[in-house]
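Given chain A, put chain U in place with the hints provided.
2 protein chains.
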Amino acid sequence: MGTVTAPWKQLLLNALESNSHLKHSSFFQLATVGYNGRPSNRTVVFRGFQENSDSFQINTDSRSHKIEELKHCPFAEICWYFTDSWEQFRIGGRIDVIDGSNPDTLKIQQREKSWFASSVKSRLQYLGPNPGLPFISEQLNEETSLDPSAGPVGAFCLLVLDPDQVDYLNLKNNQRVKFISTIRSDGMKSWTSEMINP
Amino acid sequence: MGTVTAPWKQLLLNALESNSHLKHSSFFQLATVGYNGRPSNRTVVFRGFQENSDSFQINTDSRSHKIEELKHCPFAEICWYFTDSWEQFRIGGRIDVIDGSNPDTLKIQQREKSWFASSVKSRLQYLGPNPGLPFISEQLNEETSLDPSAGPVGAFCLLVLDPDQVDYLNLKNNQRVKFISTIRSDGMKSWTSEMINP
Chain A
1 MGTVTAPWKQ
11 LLLNALESNS
21 HLKHSSFFQL
31 ATVGYNGRPS
41 NRTVVFRGFQ
51 ENSDSFQINT
61 DSRSHKIEEL
71 KHCPFAEICW
81 YFTDSWEQFR
91 IGGRIDVIDG
101 SNPDTLKIQQ
111 REKSWFASSV
121 KSRLQYLGPN
131 PGLPFISEQL
141 NEETSLDPSA
151 GPVGAFCLLV
161 LDPDQVDYLN
171 LKNNQRVKFI
181 STIRSDGMKS
191 WTSEMINP
Chain U
1 MGTVTAPWKQ
11 LLLNALESNS
21 HLKHSSFFQL
31 ATVGYNGRPS
41 NRTVVFRGFQ
51 ENSDSFQINT
61 DSRSHKIEEL
71 KHCPFAEICW
81 YFTDSWEQFR
91 IGGRIDVIDG
101 SNPDTLKIQQ
111 REKSWFASSV
121 KSRLQYLGPN
131 PGLPFISEQL
141 NEETSLDPSA
151 GPVGAFCLLV
161 LDPDQVDYLN
171 LKNNQRVKFI
181 STIRSDGMKS
191 WTSEMINP
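So the protein sequences, as listed, match chains A and U. Numbering-wise, the first sequence is residues 1 to 198 according to the numbering used here. Numbering-wise, the second sequence is residues 1 to 198 according to the numbering used here.
Simulated from the structure, these hints should not be mistaken for laboratory data.
Every beta carbon over 10 angstroms from chain A, so not counted as near; a handful from chain U, in silico:
hint : residue
1    : S20
2    : H21
3    : N102
4    : S145
5    : K172
Beta-carbon label-pair distances, calculated as ranges:
hint : chain 1 : residue 1 : chain 2 : residue 2 : range
6    : A       : E17       : U       : L146      : 32 to 40 angstroms
7    : A       : T105      : U       : N130      : 47 to 55 angstroms
8    : A       : K107      : U       : N14       : 37 to 45 angstroms
9    : U       : S101      : A       : D186      : 45 to 53 angstroms
10   : A       : N173      : U       : L146      : 20 to 28 angstroms
Listed next, the in silico DSBU-like pairs over lysine-lysine satisfying Cα-Cα at most 35 angstroms (straight line):
hint : chain 1 : residue 1 : chain 2 : residue 2
11   : U       : K172      : A       : K113
12   : A       : K172      : U       : K172
13   : A       : K23       : U       : K23
14   : U       : K9        : U       : K113
15   : U       : K113      : U       : K23
16   : U       : K189      : U       : K9
17   : A       : K23       : A       : K178
18   : U       : K23       : A       : K178
19   : U       : K107      : A       : K172
20   : U       : K172      : A       : K107
21   : U       : K178      : A       : K23
22   : U       : K71       : A       : K9
23   : U       : K23       : A       : K172
24   : U       : K71       : U       : K178
25   : A       : K23       : A       : K172
26   : A       : K9        : A       : K113
27   : A       : K113      : A       : K178
28   : A       : K71       : U       : K172
29   : U       : K113      : A       : K178
30   : A       : K113      : U       : K178
31   : A       : K113      : A       : K189
32   : U       : K23       : U       : K189
33   : U       : K189      : A       : K71
34   : U       : K121      : A       : K172
35   : A       : K71       : U       : K9
36   : A       : K172      : U       : K113
37   : U       : K113      : U       : K189
38   : U       : K107      : U       : K178
39   : U       : K178      : A       : K121
40   : U       : K9        : A       : K121
Cβ atoms here follow ideal geometry from the backbone N, Cα and C, with glycine treated the same way.
Same shape as in the complex, but just chain A (with noise of 0.2 angstroms):
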């Protein structure tokens, strides 16, 4: 789907160069929605825009439980709270799921880029014993080497979420701007921005 450049993007834009002193500025919260109708929440890493696009991309383990909440209900919001420029930014939308056995053959080179864009320890996280599982030490024991070459394993999920609304916080100035997506009768996204109450 086209996108008309989204008129919040340079201010996040603008946050993520004030912070990127930061290591934690690339970090944000990521809520879903579990099967029992329960809130998660969960701090993720912000892995850049999809090209020529507004979208989100997050890498995460196929194994995790916010990939079953994400098939019974797609939706998330982001919370990013800036912590040197005391801006939020809250934005919600639709998350693809992208895992190796995607029939899309443009997804499934997203993922491989993505896989070889982050480094190779995060890339051995992968190949570790199932996350949220108990514990079991012997695990510890087996040394999981990888070959930097190797495209991405089966564990390896890229999230990509679509935003269709944006709900910017300002507290140094205390404004707030809400930014709600429409698509146009062309297939095109388009934006209006509105300022509201902090």
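Chain U alone, transformed into the frame defined by chain A:
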């Protein structure tokens, strides 16, 4: 409800202590579920534990969306990432919404206590225009003042999250522990813990 001292509480108190030099260490992200079944996520401020309990206090505006959402689905998950010690707490539980119309005298007292515990500047927010509604510039000129001895205004709302599960992750030593509560036959809450894979 009585509570045996929660085993995760000391870990959290330690994290608060070791990150206390950072203003944002008392901020966490609170996820709820909206009417439309989609998750919501925003940054809020930790206002301490409720006296003699493991319940988390949060102040909020009764006119904000989260109040409607919590009336529809009272469950929430806190995601609290400590940026200096690299520790994450995911705290799930049920939220009690305490506004001025609450029939329980003890809860009304807790709300009042939380009002006076917050700064006069914080209290002034609750006299401002309806959060989330379109911003009208004239509202800015209305100088609001507040008698510091005056009790909570109508828009002031205390949220109390009573946790039933805590997922603790330490990214420095890569340890993760899951704490689950159960209600014992004598009505006391008790906690079990298990090391799980990160």
